Amino acid sequence: MLHIKDLHASIEGKEILKGINLEIKPGEVHAIMGPNGSGKSTLASVIAGQEDYEVTQGEIIFRNEDIQELDPEERAHKGVFLSFQYPVEIPGVSVTNFIRTAINETRKAQKLDPMPAGEMLKLIREKAELLEIDMKFLSRSLNEGFSGGEKKRNEIFQMAVLEPKLAILDETDSGLDIDALRVVSNGVNKLRNKDNAFVVITHYQRLLDYIVPDYVHVLMDGKIVKSGTKELAYELEEKGYDWIKEVVKA
Amino acid sequence: MSLKENLLATFPNIQTTEADNFKEIRKNALENFDEKGFPTRKEEAWRFTSLNPILREEYNLEIPETKIDIDKIKSYYIPEADTYKVVFVNGVLQEDLSDLVTGKGYIITTLDKAKQDENYKEIVAKHYNQIAKKESMAELNTALSTNGLFVHASKSVVIDKPIELFYFASSQDALLLQPRNLIVAEVNSDIQVIERHQNLSDNTVLTNSVTEVYNSKDAQVHIYKIQANTHKSSLIDGTYIYQEEKTESRVHTFAFGGKITRNNLEFYQNGEYSNSILKGVTILEEKEHVDHHTLVHHKEENCESYQDYKGIYSDRSHGVFNGKIFVEKTAQKLNAYQQNNNIVVDDRATVNAKPQLEIFADDVRCSHGCTVGRLPEEALFYLRSRGIPKKEAEAVLMYAFANTVLESVRIPALRKEVARLIANKLGVSIELEF
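The listed protein sequences correspond, in order, to chains Y and B. Counted the way the working numbering counts, the first sequence spans residues 5 to 254. Counted the way the working numbering counts, the second sequence spans residues 24 to 457.
Think of the hints as simulated: they come from the structure by calculation, not from any bench. Note that the structure is a prediction, hence the values are computed from the model and not measured. Backbone N, C-alpha and C define an ideal beta-carbon position, used for all residues, glycine too. A hint or two may mislead.
[Claimed, not checked] In silico negatives: residues of chain B with every beta carbon more than 12 Å from chain Y:
1) LYS59
2) THR63
3) ASP105
4) ASP122
5) ILE146
6) LYS149
7) GLU209
8) ASP369
9) CYS389
10) PHE404
11) LYS413
12) ASN426
13) THR427
14) ALA436
15) ASN447
16) ILE453
[Said to hold, decoys possible] Pairs of lysine-lysine, DSSO-like flavour, derived with a Cα cap of 27 Å:
17) B/LYS414 x Y/LYS82
18) Y/LYS140 x B/LYS65
19) B/LYS149 x B/LYS136
20) Y/LYS22 x Y/LYS227
21) Y/LYS115 x B/LYS413
22) Y/LYS169 x B/LYS414
23) B/LYS184 x Y/LYS112
24) B/LYS27 x B/LYS95
25) B/LYS448 x Y/LYS115
26) Y/LYS227 x Y/LYS9
27) B/LYS27 x B/LYS413
28) B/LYS136 x B/LYS269
29) Y/LYS243 x Y/LYS194
30) B/LYS157 x B/LYS322
31) Y/LYS112 x B/LYS413
32) B/LYS156 x B/LYS59
33) B/LYS413 x Y/LYS169
34) Y/LYS126 x B/LYS439
35) B/LYS414 x Y/LYS115
36) B/LYS448 x B/LYS377
37) Y/LYS112 x B/LYS414
38) Y/LYS112 x B/LYS322
39) Y/LYS169 x Y/LYS227
40) Y/LYS126 x Y/LYS194
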């Protein structure tokens, strides 16, 4: 699904990613953990095609295609989805119309006709229910005045509607109370299948109790310094990132 | 001969059967225009707009033979809008295409007809050329205007549908058109007008239009101006609005291009609890030029005015916003608001924004704000990451930016039409109506 080889990326001349290697197969969930500033969000942004970052070395192969030269929208059309750590507020654009435009532009790219209105409504309703979102909420301006939990729930709702092949969840747990965390995780788990894959970026092990990963990677200073199974997350929670530093040094 | 000389020379040829009082008004206006001449950039109010490029043209000052392409005309009708249509081509009313109405407590007709109408000629005489400013372009119109819309709503009459007013131009020569409209809303009445000037040919057209609006006590008049003309079409519009107490008057201006567009939009409040609402969306590209000059003149207590102008400028386009709020000493307890926000898409585009507040009362709340910026990059990436291509994502953000103006459009079919025009202007084929 996704194969990242020796990826280096920088912003304004400062190197953030210093040689990332990662392979993700369909059906897998990978967690990426690490302290603040280790490059977790940068990795997510670079995969999604954020143009502020310059890839200086390495490859990002997505479904057997190097996607580095593709625009963010082209990557989305191929099935990459990024759930933002800080979803942007866009006054004047309702959630429903945003999602409708996103669906139809994706279909256009796939040479499909726009989705019929009835079908669209049904899809939106079904996914809103999954994320326990009130339909009234969907006529509000995108993220404007949403609580932290509402924003994240809305991100996962968009993911549910767009059905990506690869979803990167960038600190989806931050700003969530325990109920919202349950709803969001439940949504993600229901969407898991053998053909899609998830990258869950998180600071804390807490989220991984709900979304159980197949692999856990620790990112530090722009490199994956340790990989393991979900037990690694518990170990980290218990011993802290300093422990990893020591391990790596040794 | 210069255009001015030509215009002065045509005056004796005006064929008119109108009463002497109207002839006298024309004569005085002509003398005034002769004295003032066309505005130049030396005048403060015209600093950013030069008329030279359009005054150099050789205009046909006669009304040309008109061949009418009805299908083409109808393509400009707002889809699914239930309206009374009034259609002029080259200044001449097209009776077949127009829904003139009379005898229902309101009248929708032409100014020429109203001047001759036993029931209305006094109403026309009472209001005609009373509020239009005596500056040179308006005076030129007063002297030489051909015809235009006349609407009158009697006391407590709500005209049930908006009036869709079209001024089409279609000619082999460069054309100068001078329509003149008069809208009179008696006590507690309600009138809505959607006005569009449209050039159907590839030739040069200059339209010098004047509209006067009278709001009697408790009346509401809403005017929507659609300005989306060809690159050879210029418009100088003077719209002058008189408000008695407890009136609400609104003008929405959708300025989506043309060669040179100048909007002189002036509200005169003459009664307590009046409210003036001025809103505009301007989207320009290439070398298009739009100059909005607004004035709200507050005279009485407890009044409000609200201005919200949004502009989006690409290529080498040029936008001007000059918003004046004049508050007399007697206009206490006023709430006046003015907002002008601009997005500059291209480094070569220019925006000149000038709020002008002249306040002589001491118990008022006046606020104004002006911004010039760019589309937010973060929001653009967010939309693109969901599969919305760059151009479409920009259009969505621009539409959202303009939405504070669009959301107050009360006619759903018009809102949809404006959304379609915006999508066209931005070169995208997505539905923008949110």
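Structure-based check of all given hints:
| no. | hint | verdict |
| --- | --- | --- |
| 1 | LYS59 | holds (43 Å) |
| 2 | THR63 | holds (40 Å) |
| 3 | ASP105 | holds (23 Å) |
| 4 | ASP122 | holds (33 Å) |
| 5 | ILE146 | holds (42 Å) |
| 6 | LYS149 | holds (44 Å) |
| 7 | GLU209 | holds (37 Å) |
| 8 | ASP369 | holds (19 Å) |
| 9 | CYS389 | holds (25 Å) |
| 10 | PHE404 | violated (6 Å) |
| 11 | LYS413 | violated (7 Å) |
| 12 | ASN426 | violated (3 Å) |
| 13 | THR427 | violated (7 Å) |
| 14 | ALA436 | holds (18 Å) |
| 15 | ASN447 | holds (17 Å) |
| 16 | ILE453 | violated (6 Å) |
| 17 | B/LYS414 x Y/LYS82 | holds (19 Å) |
| 18 | Y/LYS140 x B/LYS65 | violated (55 Å) |
| 19 | B/LYS149 x B/LYS136 | holds (16 Å) |
| 20 | Y/LYS22 x Y/LYS227 | holds (6 Å) |
| 21 | Y/LYS115 x B/LYS413 | holds (18 Å) |
| 22 | Y/LYS169 x B/LYS414 | holds (25 Å) |
| 23 | B/LYS184 x Y/LYS112 | violated (38 Å) |
| 24 | B/LYS27 x B/LYS95 | violated (33 Å) |
| 25 | B/LYS448 x Y/LYS115 | holds (24 Å) |
| 26 | Y/LYS227 x Y/LYS9 | holds (12 Å) |
| 27 | B/LYS27 x B/LYS413 | violated (48 Å) |
| 28 | B/LYS136 x B/LYS269 | violated (31 Å) |
| 29 | Y/LYS243 x Y/LYS194 | violated (32 Å) |
| 30 | B/LYS157 x B/LYS322 | holds (20 Å) |
| 31 | Y/LYS112 x B/LYS413 | holds (14 Å) |
| 32 | B/LYS156 x B/LYS59 | holds (13 Å) |
| 33 | B/LYS413 x Y/LYS169 | holds (22 Å) |
| 34 | Y/LYS126 x B/LYS439 | holds (24 Å) |
| 35 | B/LYS414 x Y/LYS115 | holds (18 Å) |
| 36 | B/LYS448 x B/LYS377 | holds (26 Å) |
| 37 | Y/LYS112 x B/LYS414 | holds (14 Å) |
| 38 | Y/LYS112 x B/LYS322 | violated (56 Å) |
| 39 | Y/LYS169 x Y/LYS227 | holds (25 Å) |
| 40 | Y/LYS126 x Y/LYS194 | holds (18 Å) |
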